[in-house]
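Please arrange chain C on chain Z, whose structure you already have, making use of the hints.
2 protein chains.
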Amino acid sequence: MADMPKSVDIREEGPREGFQIEKNIIPTERKVQFINALAGTGLKHIQTVSFVDPRRVPNMADAEEVVKGIVPKEGIKFTGLWLNDKGLERAIATKKLTIEGGISLSASNAFLKRNQNVSIDELIARLPTTIAKYKEHGIELEGGLISAAFGCNFEGDIPVERVVELTGTLIKLARDNGMPFKRLTLADTMGWATPASIKRVVDAVWSRFPDLDLVLHLHDTRGMGIANAYAGLQMGVRRYDAAVAGLGGCPFAGHKGAAGNVCTEDLVFMCQEMGIETHLDLDKLIDCANMAEDVVGHPLPGSVMKGGNLAKLRAAASQAAKA
Amino acid sequence: MADMPKSVDIREEGPREGFQIEKNIIPTERKVQFINALAGTGLKHIQTVSFVDPRRVPNMADAEEVVKGIVPKEGIKFTGLWLNDKGLERAIATKKLTIEGGISLSASNAFLKRNQNVSIDELIARLPTTIAKYKEHGIELEGGLISAAFGCNFEGDIPVERVVELTGTLIKLARDNGMPFKRLTLADTMGWATPASIKRVVDAVWSRFPDLDLVLHLHDTRGMGIANAYAGLQMGVRRYDAAVAGLGGCPFAGHKGAAGNVCTEDLVFMCQEMGIETHLDLDKLIDCANMAEDVVGHPLPGSVMKGGNLAKLRAAASQAAKA
Chain Z
38 MADMPKSVDI REEGPREGFQ IEKNIIPTER KVQFINALAG TGLKHIQTVS FVDPRRVPNM
98 ADAEEVVKGI VPKEGIKFTG LWLNDKGLER AIATKKLTIE GGISLSASNA FLKRNQNVSI
158 DELIARLPTT IAKYKEHGIE LEGGLISAAF GCNFEGDIPV ERVVELTGTL IKLARDNGMP
218 FKRLTLADTM GWATPASIKR VVDAVWSRFP DLDLVLHLHD TRGMGIANAY AGLQMGVRRY
278 DAAVAGLGGC PFAGHKGAAG NVCTEDLVFM CQEMGIETHL DLDKLIDCAN MAEDVVGHPL
338 PGSVMKGGNL AKLRAAASQA AKA
Chain C
38 MADMPKSVDI REEGPREGFQ IEKNIIPTER KVQFINALAG TGLKHIQTVS FVDPRRVPNM
98 ADAEEVVKGI VPKEGIKFTG LWLNDKGLER AIATKKLTIE GGISLSASNA FLKRNQNVSI
158 DELIARLPTT IAKYKEHGIE LEGGLISAAF GCNFEGDIPV ERVVELTGTL IKLARDNGMP
218 FKRLTLADTM GWATPASIKR VVDAVWSRFP DLDLVLHLHD TRGMGIANAY AGLQMGVRRY
278 DAAVAGLGGC PFAGHKGAAG NVCTEDLVFM CQEMGIETHL DLDKLIDCAN MAEDVVGHPL
338 PGSVMKGGNL AKLRAAASQA AKA
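These protein sequence lines are chains Z and C, in that order. Residue 236 in the numbering used here sits at position 199 of the first sequence, and the numbers go up by one each step. Residue 258 in the numbering used here sits at position 221 of the second sequence, and the numbers go up by one each step.
Only chain Z is shown next, with the shape it has when bound in the complex (with noise of 0.2 Å):
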């Protein structure tokens, strides 16, 4: 095992994962005005809306006006997520974003005939163009994403063996395009994973592909997020998908209660806690995550913005002592 991380890099997903499965359409000026305090608690890097069909996701339909309202902060990346050259043309004419290349693609079959009604050998097929396309648009390939790794809900569990295969497809098709392939995110998409299968993955990775910059993209479905993410510390990744206040889920599950990604400030919690430096301010990332449950008008998840920073409690406790 290795050593924990001294510090580690959080990507905030809320806006994007947490605004698009809301049923209520909520107002351009309230998802502008979460992303702007959000750029005020620290965050580096905050995924602000998807250019997706607005028929499929209505509370994207006004991704271009939300990115027209946030203030641009000097070390901050505003990104997007698109699915298609279109959202990657509408992302691009914001002028405005991070636009990162990735490749993705999922470890499973019977998750892609659902979603998408292609096999991972026709999704391997069509990246050259994704590719090429961004060779047009001189945009650098970041890396990756390889979703359902931990298991999938249409297919069972997922051969590790067959997560590594696909990354080495993934460094060979971005190298054979003359692209660099630097980071690749394993995503938990369904809630499959656990602390045993975390580092059972992420050793076979770095087992064969050491340089890889990995990335944990983890959702709280069946409750296990905060501890697979202390198995990820515990492995030594030191990036990470999250969402403050628990933002997310998905809705079509038939889940009767949020499962959405790790939570941000419950993740930043346990970090600071232990001695991991996570440069984010904890206190205004509750702020946010209060600001998130008025926007989206009900109860979201998180825990440590019901059960408070220890370090007020702690400052208390030091002062009554003095007393």
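Keep in mind the hints are simulated off the structure, nothing from the lab. Be a bit skeptical, because a hint or two may be false.
If chains are identical, the list can't say which one is meant, so a pair holds when it fits in one copy or spans any two.
[Stated by the list, open to error] Computed list of lysine-lysine pairs in DSS-like fashion (alpha-carbon distance at most 30 Å, straight line):
id	residue 1	residue 2
1	K133	K114
2	K321	K110
3	K349	K60
4	K60	K321
5	K349	K133
6	K172	K43
7	K209	K114
8	K359	K150
9	K170	K110
Fair warning: this is a prediction, and the values are worked out from it, not measured in the lab.
Positioned in the frame of chain Z, the structure of chain C alone reads:
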């Protein structure tokens, strides 16, 4: 670090931890129905009621009636909680509960001062009387508990050395009074623990008292419950208190969300997925968690009850693959 245990023992605290904090009076027959359902899940130890002042805890006013309704089952210990002689005598008078003698201390003077208006030393001075009372009733001492072992809202961080010292005090007190002391529960009463502090405290206590049977009583106040249990497993701890659906929590702390015990079925899910034997039926536990929500009449924080057991998805995926 020790090896992960091959199996774990979970003590269910839901009926006691969960119902005592509800403002609405829950009908006796519903409490009984819930406890009897829990007895069908494989749980071997269910804490059912507390014998306390009904003016302070109205939902425990019917403790004796609840116990009357429990259907005894071979191999299952039904227990109760008491805080004084009167409570102990009420528990004994049921002639139905297993009476486990225990001696408790808190690691926080400030917490004790606030809650019972005593100091740690005053509490220690009272323990020989408690042990004498057990002897008088022919009750064997099982062990003890240290509350606020990982931190305290009113005192702040708790030095690890103090927890080790208090453990020694409890063991010595038991032995000086001719009683065994086999088991120690370390309680994270106010949700201060992180995986790092779980490891620090468990390591310190076991380094000094390697034969002690350790139990972790974890609260999920700041979302660390499952990660803390995982840290306990990594240290080799095989006993956990937990509450179905995450029942429990402290309505007096100004929390807007539940902050109960670590959730039984989420913990069981993690163990089962990692190959640790629980001897529990996860689907039946999920049924109990849904029943708990119905009984208390509001949502509860458990995750697997919403996200679902992977065993069913695996079976369906396997069927689909064959078709």
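Practice task
Could you check the structure against the hints above and give me the numbers of any it violates, in ascending order?
Solution key: Hints 5 and 6 not satisfied by this model.
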